[in-house]
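When you line the sequence shown up against our numbering, it's residues 39 to 702, in that order.
Just so you know, the hints here were simulated from the structure itself, not pulled from any lab data.
Don't take every hint at face value.
Stated by the list, open to error - Below, simulated DSS-like cross-link-like pairs (lysine-lysine); rule was C-alpha separation at most 27 Å, straight line: (1) K513 - K666; (2) K664 - K229; (3) K639 - K102; (4) K639 - K513; (5) K566 - K639; (6) K229 - K666; (7) K436 - K513; (8) K436 - K229; (9) K639 - K664; (10) K513 - K472; (11) K472 - K294; (12) K436 - K110; (13) K513 - K664; (14) K294 - K102; (15) K436 - K472; (16) K472 - K666; (17) K472 - K229; (18) K683 - K666; (19) K110 - K294; (20) K664 - K472.
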Amino acid sequence: DDRELVRYTNAETRRYTKVRRRLQDWRDGQRPAPDPSQTEGHCERCGARLKPGTTNCPHCVNRKQALLRLAKYLRPHLGRVAGISALVVLGSFFELLQPQLNGLFFDRVLTLAGKDGGGGGRWIAWMFDTEHRAVLLGQVVLAMLVFRVLGVIISVLQGRLAAWLGYWVVHDIRLELYTHLQALTLRYFDKHQTGGVMSRVTQDTRAMQGFLVDGSQHLVDNIIRLVAVSAILLLDNWRLTLLTLLPVPLILFISKVAWRQLRVRYSRLWHRWELLTAALQDSLSGVRVVKAFAGEAYELNRFSASSAGLADAGTRANQLRAVIFPWLGFSVQVGTLAVWYFGGGEVLRGEMTPGEIMQFLSYLFMFYGPMQWISQLFNWFNETLAAAERVWEVLDEKPDVVEPETPERLETVAGRFEFDHVTFGYEAHEPVLKDITLTVEPGEMIGLVGHSGAGKSTLINLICRFYDVDEGVIKVDGHDIRQVSAADYRRHIGVVLQESFLFSGTIYQTISYARPEATVEEVIAAAKAANAHDFITRFPDGYDTYVGERGQRLSGGERQRIAIARAILHDPRVLILDEATASVDTETERAIQEALSRLIKGRTTFAIAHRLSTLRNADRLVVIEKGKVVEVGTHDELMNTTNGKFRRLVEMQTDLNRITYIGG
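With the hints as constraints, model all of the structure from the sequences given.
Shown next, in the form of structure tokens:
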């Protein structure tokens with residue numbers, strides 16, 4: 039007997055499907071084989087569940103690997119990176135000389151504390167005339183001016199190089215990200231909001247740019263300062279130097295404690311940015327629907343909620359930051375006060391000169407500056423890592439449609455299709471198409487018929503190879519389409535959809551998108567064949583008419599004929615028509631049907647139509663019900679089948695049209 043062990047909702051199906059299958063194996067007396075993928079989707083280190091399609095665990099980030107992965111974006115620009123680094127080193131050298139000049143000024147110009155060869159600035163005193171204080175004053179001030187001018191020149195050169203490097207680094211990141219997005223299948227975009235994906239390409243890459251360019255040069259600068267200043271302080275006064283190290287353990291402790299919390303909070307902050315961008319993109323893209331249903335108040339509330347969530351996440355992240363950095367500043371002040379106290383005592387005892395203590399304090403500030411910056415580096419790195427993880431989440435997404443290592447060439451296509459026991463589902467546990475077997479001859483027009491949700495559009499998606507089959511095989515001219523490059527295969531396919539997408543631009547640009555190298559004569563010929571030339575020439579700007587975003591300045595019928603012209607110019611051997619005449623009036627439908635009849639000639643065609651009567655001229659009709667092929671035949675054959683599925687669909691549609699006519 040079957041007994042109910044557990045109930046679960048559809049949201050938990052992914053988690054329980056394998057459990058159900060293994061229990062069924064036990065019930066049927068089969069010992070389940072070990073499942074090598076049972077840990078798939080979980081972190082190998084901590085066991086936390088990962089987002090589908092990703093390998094990055096937000097709880098177990100390896101900082102070293104993350105830094106190396108970030109640094110690889112600088113590799114193509116090593117020449118400019120080296121130039122910036124050289125300027126940083128040179129700038130640091132001149133800056134390290136400033137305290138020596140200060141010490142020389144105090145002990146050789148203002149006082150005579152260093153007259154015996156000691157005191158501040160003793161390392162560079164040989165460069166100046168120390169016998170005459172008035173001359174020395176001019177020399178020291180002139181040296182200060184020269185060093186500052188050189189510092190400005192170095193900063194200008196460094197800034198120009200950094201500006202170039204910054205924008206080209208982010209260009210490389212965005213290009214890599216966009217290229218990978220183009221390689222991903224529709225399954226990825228079905229699961230992610232467009233606005234969220236856009237925020238990763240724009241905002242997240244920008245955050246990575248700041249850290250890579252500004253962070254890298256500041257890191258070099260501060261490491262040089264830290265090492266050089268530490269050596270100078272030890273040589274100047276090792277006892278006071280040990281006092282300066284008192285706050286270091288506290289600084290490192292605070293930074294380590296704050297590391298994990300800051301990273302988690304910034305990860306939430308960037309996620310909130312994604313939600314806000316997605317809400318804004320949805321609202322603006324659907325502005326006609328919003329206004330049609332008076333949904334402004336609803337959209338305002340939705341945007342307000344997303345913005346409030348962002349504000350809350352930003353507040354939490356920056357409140358923690360506001361707690362951390364004052365304590366880091368206090369740690370620095372403790373060391374500074376200790377030097378003031380004990381160093382002041384040495385001056386009073388004559389063990390140090392005023393110039394030496396001022397010189398030491400100047401170097402001390404240069405020591406604590408990098409220490410504070412490195413502590414803030416954790417915050418910056420956390421913020422950048424949160425953005426980088428979201429970029430890497432996309433880059434690590436593996437396409438469902440995998441390109442073959444050695445693709446078969448498909449120079450020409452006759453258009454013979456074989457569907458051999460094809461099974462497919464958008465979710466592995468729920469097949470949409472089941473054991474489809476069908477052969478289509480070259481030049482044949484196939485009408486796909488069935489209730490909404492039967493699997494017609496899914497079959498079209500498989501023909502276009504937007505998805506790969508779960509079981510079985512689809513062949514074109516004897517080639518398994520999975521063994522052919524997707525781009526090579528799709529260049530033989532033309533698609534006309536119910537809602538044809540038109541890119542923003544002119545009518546000419548929209549039609550020539552299918553073949554940018556086409557001549558003006560070829561574009562016009564395609565428009566004439568699509569019955570579009572007449573209405574195009576009635577516009578004041580003709581083919582230079584701007585169609586608006588998504589072609590909103592054109593009517594539905596005009597957009598459809600432009601899409602047909604685009605397909606005609608593409609000149610495909612295989613044609614996909616998915617509800618190409620839906621939602622248009624009778625006169626427009628007649629013009630579209632006439633254009634389609636020209637387009638179909640000599641091409642293998644798969645057509646889905648809302649009005650079944652429009653498929654009367656199809657060579658064969660394939661009736662799909664619940665994912666299975668239940669009838670195949672010509673229009674007349676299926677209409678003469680008693681109790682046939684197609685005949686029943688036609689009768690239902692005829693009755694519906696009669697009711698609509700009476701009601702009208």
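Each hint tested on the structure:
Restraint check for K513 and K666: satisfied, since their Cα atoms lie roughly 19 Å apart, inside the 27 Å limit. Simply put, K664 and K229 have alpha-carbon atoms about 24 Å apart, close enough for the 27 Å limit, and the pair holds. Taking the CA atoms of K639 and K102, the gap is about 61 Å. The hint is violated against a cut of 27 Å. For the hint pairing K639 with K513, the CA-to-CA distance comes to about 22 Å; that is within 27 Å, so the pair holds.
For the hint linking K566 to K639, the alpha-carbon distance of about 16 Å falls within 27 Å, and the restraint holds. With a C-alpha separation of about 26 Å, the suggested pairing of K229 with K666 holds against the 27 Å cut-off. For the proposed pair K436 and K513, the alpha carbon gap of about 24 Å is at most 27 Å, so the pair holds. A hinted pair counts as satisfied when its Cα atoms are at most 27 Å apart, and K436 with K229 qualifies at roughly 14 Å.
With a CA separation close to 31 Å, the supplied pair K639 and K664 exceeds the 27 Å bound. At roughly 17 Å between alpha-carbon atoms, K513 and K472 fall within 27 Å of each other, so this suggested pair holds. With a C-alpha separation of about 55 Å, the suggested pair K472 and K294 falls outside the 27 Å cut-off, and the hint is violated. Using a Cα cut-off of 27 Å, the hinted pair K436 and K110 holds, with the two alpha carbons roughly 21 Å apart.
Of the pairs offered as hints, the one joining K513 and K664 holds, with about 23 Å between alpha carbons and a cut-off of 27 Å not exceeded. For the given pair, K294 sits about 15 Å from K102 by alpha-carbon distance, which is consistent with the 27 Å threshold. Of the supplied pair hints, the one linking K436 and K472 holds, its CA atoms being roughly 25 Å apart against a limit of 27 Å. Using a Cα cut-off of 27 Å, the hinted pair K472 and K666 holds, with the two alpha carbons roughly 5 Å apart.
Straight-line distance between C-alpha atoms of K472 and K229 comes to about 23 Å, which keeps the hinted pair within the 27 Å bound. Distance check on the hinted pair: K683 and K666 sit about 12 Å apart at the alpha-carbon level, within 27 Å; holds. For the proposed pair K110 and K294, the alpha carbon gap of about 25 Å is at most 27 Å, so the pair holds. As the CA atoms of K664 and K472 are separated by approximately 8 Å, the hinted pair is consistent with the 27 Å bound.
Violation of the numbered hints given earlier is confined to hints 3, 9 and 11; the remaining hints are satisfied by the structure.
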